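As a plain string of letters, each chain reads:
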Amino acid sequence: MTGHTPRWLVNVFLAGFLAVLAIDGFHDFGWTSLQGVVNLPLVVTGLWQGPWRLYAPDVDKDNLRFKAEITFADQTTTTWSSPDWTRLSAPGKFVRARHVNYLNHILQSGRELEWDDLCAYLARTTRHPAGRPAPVVQVTLFLRGARIPPPEQRRLPAGPYVAFDDWNTVHVWRPGT
Amino acid sequence: MTARRDPPARSTAAPPRPAPAARGFVAAWNDLFFAPRDPRLASVLRIAYGVLLLINLAVIAPDVPLWFADSGILPADHAREIITEHAPTVLGWVDAAWWPWLCFAVLCAAAVLLTVGWHSRIQAIVVLLGLTWFQDRNYAIVDGEDTLFRLFAFYLALCPAGWAYSLDARRRRRRGGPDEPPVPWGLRLFQIQMSVIYLSSAIEKSLGHDWVAGTALYYVSRLDDAFGKFPVPAFLFENLTLLKLATWAVLALEWVLPVLLWLRPTRRAAIAVAIVFHLAIEYTMNLFLFHWLMILGILSFAEFAELRWPPWRRARDAAGAATETPHAS
Numbered sequence: 001m002t003g004h005t006p007r008w009l010v011n012v013f014l015a016g017f018l019a020v021l022a023i024d025g026f027h028d029f030g031w032t033s034l035q036g037v038v039n040l041p042l043v044v045t046g047l048w049q050g051p052w053r054l055y056a057p058d059v060d061k062d063n064l065r066f067k068a069e070i071t072f073a074d075q076t077t078t079t080w081s082s083p084d085w086t087r088l089s090a091p092g093k094f095v096r097a098r099h100v101n102y103l104n105h106i107l108q109s110g111r112e113l114e115w116d117d118l119c120a121y122l123a124r125t126t127r128h129p130a131g132r133p134a135p136v137v138q139v140t141l142f143l144r145g146a147r148i149p150p151p152e153q154r155r156l157p158a159g160p161y162v163a164f165d166d167w168n169t170v171h172v173w174r175p176g177t
Numbered sequence: 001m002t003a004r005r006d007p008p009a010r011s012t013a014a015p016p017r018p019a020p021a022a023r024g025f026v027a028a029w030n031d032l033f034f035a036p037r038d039p040r041l042a043s044v045l046r047i048a049y050g051v052l053l054l055i056n057l058a059v060i061a062p063d064v065p066l067w068f069a070d071s072g073i074l075p076a077d078h079a080r081e082i083i084t085e086h087a088p089t090v091l092g093w094v095d096a097a098w099w100p101w102l103c104f105a106v107l108c109a110a111a112v113l114l115t116v117g118w119h120s121r122i123q124a125i126v127v128l129l130g131l132t133w134f135q136d137r138n139y140a141i142v143d144g145e146d147t148l149f150r151l152f153a154f155y156l157a158l159c160p161a162g163w164a165y166s167l168d169a170r171r172r173r174r175r176g177g178p179d180e181p182p183v184p185w186g187l188r189l190f191q192i193q194m195s196v197i198y199l200s201s202a203i204e205k206s207l208g209h210d211w212v213a214g215t216a217l218y219y220v221s222r223l224d225d226a227f228g229k230f231p232v233p234a235f236l237f238e239n240l241t242l243l244k245l246a247t248w249a250v251l252a253l254e255w256v257l258p259v260l261l262w263l264r265p266t267r268r269a270a271i272a273v274a275i276v277f278h279l280a281i282e283y284t285m286n287l288f289l290f291h292w293l294m295i296l297g298i299l300s301f302a303e304f305a306e307l308r309w310p311p312w313r314r315a316r317d318a319a320g321a322a323t324e325t326p327h328a329s
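The listed protein sequences correspond, in order, to chains X and R. If you use my numbering, the first sequence corresponds to residues 1 to 177, in order. If you use my numbering, the second sequence corresponds to residues 1 to 329, in order.
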């Protein structure tokens with residue numbers, strides 16, 4: 001017994017769904033055209049998954065930090081920084097899980113549009129250090145990284161690798177741009 | 001070249017029976033999906049899923065305007081550019097500060113109602129739609145556990161998730177509804193999904209360099225955002241030989257779990273190993289709820305009676321199960 005649903009209908013659904021699951025979950029079997037066929041219905045229904053990479057095929061090797069310098073019309077500046085993950089507690093990292101995802105996403109995608117959005121958000125939400133009503137005239141984004149050296153090259157102590165390079169300017173935003 | 005076959009002889013007798021191989025496949029298929037199984041397991045998964053979903057929503061709640069409003073970090077029209085144009089979302093329909101909150105409230109309500117089992121199937125579908133629309137609104141904050149949340153909601157909608165420990169079960173009993181337990185074929189989809197995850201991940205890892213070379217965990221253990229949740233002995237992560245062995249063990253486990261979890265002699269051991277594996281990663285890494293969801297998926301390989309605690313109750317239940325069919329609690 002399968003409840004109110006006829007058995008044949010359940011079987012048809014299962015056969016179809018399992019085929020779609022295999023096509024969507026395994027991208028390395030050369031069935032690209034089939035993926036094109038199943039992709040739209042999966043996206044529309046919210047059932048897409050794609051291959052499960054989970055630190056594959058290779059692990060990220062960079063620890064990264066973001067910093068933004070926000071300049072107001074009176075030339076006062078203030079700084080926003082992405083979290084220093086090594087200083088956060090386990091619960092602190094837990095509640096900021098989405099922030100980790102967001103920062104990783106905009107760093108990996110490297111899209112100017114998303115950097116603009118971050119800058120615009122910082123311009124809207126950052127208060128003048130002295131409380132003056134001066135508008136933000138520029139936001140400059142800086143990035144620095146610590147690339148984990150291969151173990152054959154240098155043996156590292158356990159723990160996060162935080163030998164960061166100097167800050168590099170990656171984006172400059174001004175209102176209206 | 002195709003062999004020409006004679007047309008089948010017409011017969012007024014019984015329809016032709018499938019070949020033995022086809023019969024074997026049909027029997028195996030029916031045994032896999034439609035053999036009787038205690039549906040209360042689906043109810044346990046429903047509650048566990050509901051709790052995890054509510055934790056997820058509670059963590060997101062303070063940041064709803066940040067992630068999902070036009071006044072936040074990603075305007076709706078820009079959000080469409082980082083995801084396929086067909087991805088549906090209602091979050092961009094109304095340009096008002098209260099709209100994301102209203103959508104979020106509906107999703108939270110569905111999550112609560114799913115957890116307590118009030119029209120469980122409908123709530124699971126609402127949760128699936130709600131999660132999809134929120135994830136499509138801001139794909140920049142989405143990762144693997146969000147995919148699991150969506151897929152598990154779908155599988156719960158296909159399970160008799162409200163059969164036990166639910167308001168649905170109470171309503172059924174009051175109305176004198178059927179006590180014959182439904183066949184929870186949807187539970188098999190949880191199991192197949194878990195196998196797909198391990199196998200897909202094993203294939204992807206094997207196509208790269210770090211996992212095959214054995215250096216993957218060396219790098220993972222030096223990442224500052226993902227690693228370092230709780231204290232671990234330093235020597236484990238300074239000895240390259242140990243790190244290589246651990247890396248290869250993870251890779252091997254992902255290759256063999258999709259097989260061992262399905263075989264009767266190894267199933268229980270594989271469940272135990274998989275749970276320890278995920279707990280170990282949960283202890284060392286900051287991956288939000290991903291590994292708790294994986295453990296939930298692994299539990300779909302268990303039978304309901306095996307989840308009873310304390311263990312001595314299992315023997316008593318087994319004795320009872322021999323004389324009666326599973327029933328709603």
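Some hints could be false.
[Stated by the list, open to error] In silico lysine-lysine, DSSO-like type, Cα no more than 27 angstroms apart, as pairs:
#	chain 1	residue 1	chain 2	residue 2
1	X	Lys61	R	Lys229
2	X	Lys61	R	Lys244
3	X	Lys67	R	Lys229
4	R	Lys229	R	Lys244
Since the hints were derived computationally from the structure, they do not count as laboratory data. Model, not experiment: these values are computed from the prediction.
Comparing the hints with the structure gives:
no., hint, verdict
1, X/Lys61 - R/Lys229, "18 angstroms, holds"
2, X/Lys61 - R/Lys244, "17 angstroms, holds"
3, X/Lys67 - R/Lys229, "24 angstroms, holds"
4, R/Lys229 - R/Lys244, "21 angstroms, holds"
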